[in-house]
Amino acid sequence: MFSRTRYVFRETFDSFRRNATLTIASIITAAISLLGVGLTLLSQEGFDNLLSKWEGGVEMIIFMRPDVTDDQRALIESSLDQNNQFIESWTYCDVDCSLAERDRVLAAEPGVKDLLNADNIPTQYKAVPTEATDVQLLRQVSEAFSEGPGVFEVVFAEDQISLIEQLQSFFGFRLFLLSGFLLLAAILLIWNTIRTAIFARRREIEVMKLVGATDWFIRVPFMLEGLLHGVIGGALASLGLGIWNSQWTSGVQGFPPNSGFASLVVTSGYDKTVMLYMLIIGAVAGAIGSGIAASRFLDV
Amino acid sequence: MIRLENVTKSYSTEIVAVKDASFDVAKGEFVFLVGPSGSGKSTLLRMLNRQDRPERGAVWVAGRNIVDLPSGRIPMLRRNIGNIFQDYKLLLEKNVFENVAFAQEVIGRPQHVIRQQVPAVLDLVGLAGKEERLPNQLSGGEQQRVSIARAFVNRPLILLADEPTGNLDPATGEGIMRLLDRINKTGTTIVMATHDQRIVNTMRKRVIQLDRGIIVRDQARGVYE
Chain H
1 MFSRTRYVFR ETFDSFRRNA TLTIASIITA AISLLGVGLT LLSQEGFDNL
51 LSKWEGGVEM IIFMRPDVTD DQRALIESSL DQNNQFIESW TYCDVDCSLA
101 ERDRVLAAEP GVKDLLNADN IPTQYKAVPT EATDVQLLRQ VSEAFSEGPG
151 VFEVVFAEDQ ISLIEQLQSF FGFRLFLLSG FLLLAAILLI WNTIRTAIFA
201 RRREIEVMKL VGATDWFIRV PFMLEGLLHG VIGGALASLG LGIWNSQWTS
251 GVQGFPPNSG FASLVVTSGY DKTVMLYMLI IGAVAGAIGS GIAASRFLDV
Chain D
1 MIRLENVTKS YSTEIVAVKD ASFDVAKGEF VFLVGPSGSG KSTLLRMLNR
51 QDRPERGAVW VAGRNIVDLP SGRIPMLRRN IGNIFQDYKL LLEKNVFENV
101 AFAQEVIGRP QHVIRQQVPA VLDLVGLAGK EERLPNQLSG GEQQRVSIAR
151 AFVNRPLILL ADEPTGNLDP ATGEGIMRLL DRINKTGTTI VMATHDQRIV
201 NTMRKRVIQL DRGIIVRDQA RGVYE
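Protein sequence lines, in the order shown, are assigned to chains H and D. Residues in the first sequence are numbered from 1 upward in steps of one, following my numbering. Residues in the second sequence are numbered from 1 upward in steps of one, following my numbering.
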């Protein structure tokens with residue numbers, strides 16, 4: 001058993017050495033394609049983060065005119081309470097609260113920020129509707145409130161949610177497609193590398209067959225070789241993904257607050273899960289490519 | 001040990017390599033297959049280790065008809081058959097020891113057995129002390145001895161030799177034949193295809209002559225005609 005294991009590893013690494021250029025090409029292709037797969041999974045998770053932020057507490061915001069009276073506010077508050085089948089909860093953001101928000105949201109735009117002061121800044125009612133994702137319902141509720149007394153404007157997250165979903169679908173599908181093609185290219189390259197390795201060692205294989213080696217005994221080093229291509233590719237892709245995610249995380253910290261990009265940072269440990277997926281997908285891709293080649297071209 | 005019953009093998013409708021061949025080879029026998037190029041000698045050898053299958057007839061090896069042997073059982077058959085070739089088929093990047101050990105490794109022999117048996121067989125073929133040499137550092141005769149050592153190291157019941165002296169000068173060829181004769185005396189059955197008239201006439205073993213795939217002569221202690 002030990003003798004056989006030693007033989008398998010020796011032959012595998014021997015083949016690595018003999019086909020160094022093709023082996024490196026195959027590993028790099030596998031790494032790039034797996035990185036594509038990893039980035040697709042990570043970006044999907046980022047978009048999900050972004051969406052879940054809105055889905056968890058989508059706020060319809062009723063901006064009041066700066067000169068709103070107490071009576072007008074009481075009427076709006078009464079309407080919010082009466083519409084409890086649509087409005088789950090609400091909070092009032094007064095002048096101080098609105099100024100604090102101005103400082104946060106417009107930090108990167110000092111010119112605009114300075115135009116808003118205690119005298120002209122609209123105060124806000126932030127409402128959490130009961131059916132946050134029902135766009136039609138939100139639209140009806142917002143229209144009703146926009147005609148209320150003292151109301152300046154009603155905004156809600158519908159457009160942003162649609163945009164995020166559109167972006168998610170656009171990037172997700174195309175990245176997935178690209179990753180699929182790259183993965184196929186990686187499998188084909190591993191397949192071709194193993195085929196070349198088999199061809200380069202056809203004399204040995206002939207001798208092995210004539211002295212009574214079983215097909216599996218001959219096949220295993222080649223299959224292990226392909227598996228290693230995939231696993232090493234997956235490990236390199238994991239490393240690349242780790243670097244990318246760390247760069248992205250630190251890069252986003254420099255973006256303006258509430259720009260939305262912060263939600264695209266994946267720090268929940270999901271990145272580690274994706275790395276594990278990449279290793280597994282790499283191993284499977286390598287095993288498929290080499291398995292097919294070793295079965296098909298062994299008859300030398 | 002070997003029995004062929006009405007064996008026919010063709011490569012196309014026009015080319016019949018072996019036609020209706022029948023013969024028996026007893027255990028420990030030494031048989032020469034002679035005949036001109038294309039007479040079917042190599043095809044016969046290839047059918048004995050199941051590299052080829054006949055269209056018709058039966059090929060019995062060690063008591064078993066191997067024509068319909070499942071592919072999974074072929075390696076077991078081949079472990080009982082050693083093969084020697086005109087072009088040696090040595091692995092050029094492996095040294096003498098490794099070339100011989102390879103035949104044991106691939107059938108899963110443990111290292112301690114390999115370390116014991118390979119030097120013994122190298123000694124038998126007269127290559128003791130040359131274990132570290134690569135094939136291109138050996139003469140043709142020495143390379144053929146490595147090939148014989150590799151074929152014999154697993155102690156097969158049968159040795160199939162396809163023109164083993166074809167690339168060697170007469171003196172070296174004689175040395176190889178003396179070695180094969182010694183191996184034959186250990187009880188190993190040897191079937192050897194050859195063109196070498198001098199060797200056949202000197203050895204005076206059984207001769208099966210083929211002509212265009214047909215056995216035209218089967219003579220004990222025969223000579224080349």
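Wrong hints could be hidden among the right ones.
[As the list claims (entries may be wrong)] To give an idea of the interface, some chain D residues facing chain H are shown, with a C-beta separation under 10 Å as derived from the structure: (1) G82; (2) N154; (3) R155.
Hints in this document: simulated from the structure, not taken from any laboratory. These figures come from a predicted structure and were not determined experimentally. We put the beta carbon where it would ideally sit given N, CA and C, even for glycine.
Evaluated hints:
1. G82: holds (8 Å)
2. N154: Given a least distance of 7 Å, the restraint on D/N154 holds.
3. R155: violated (12 Å)
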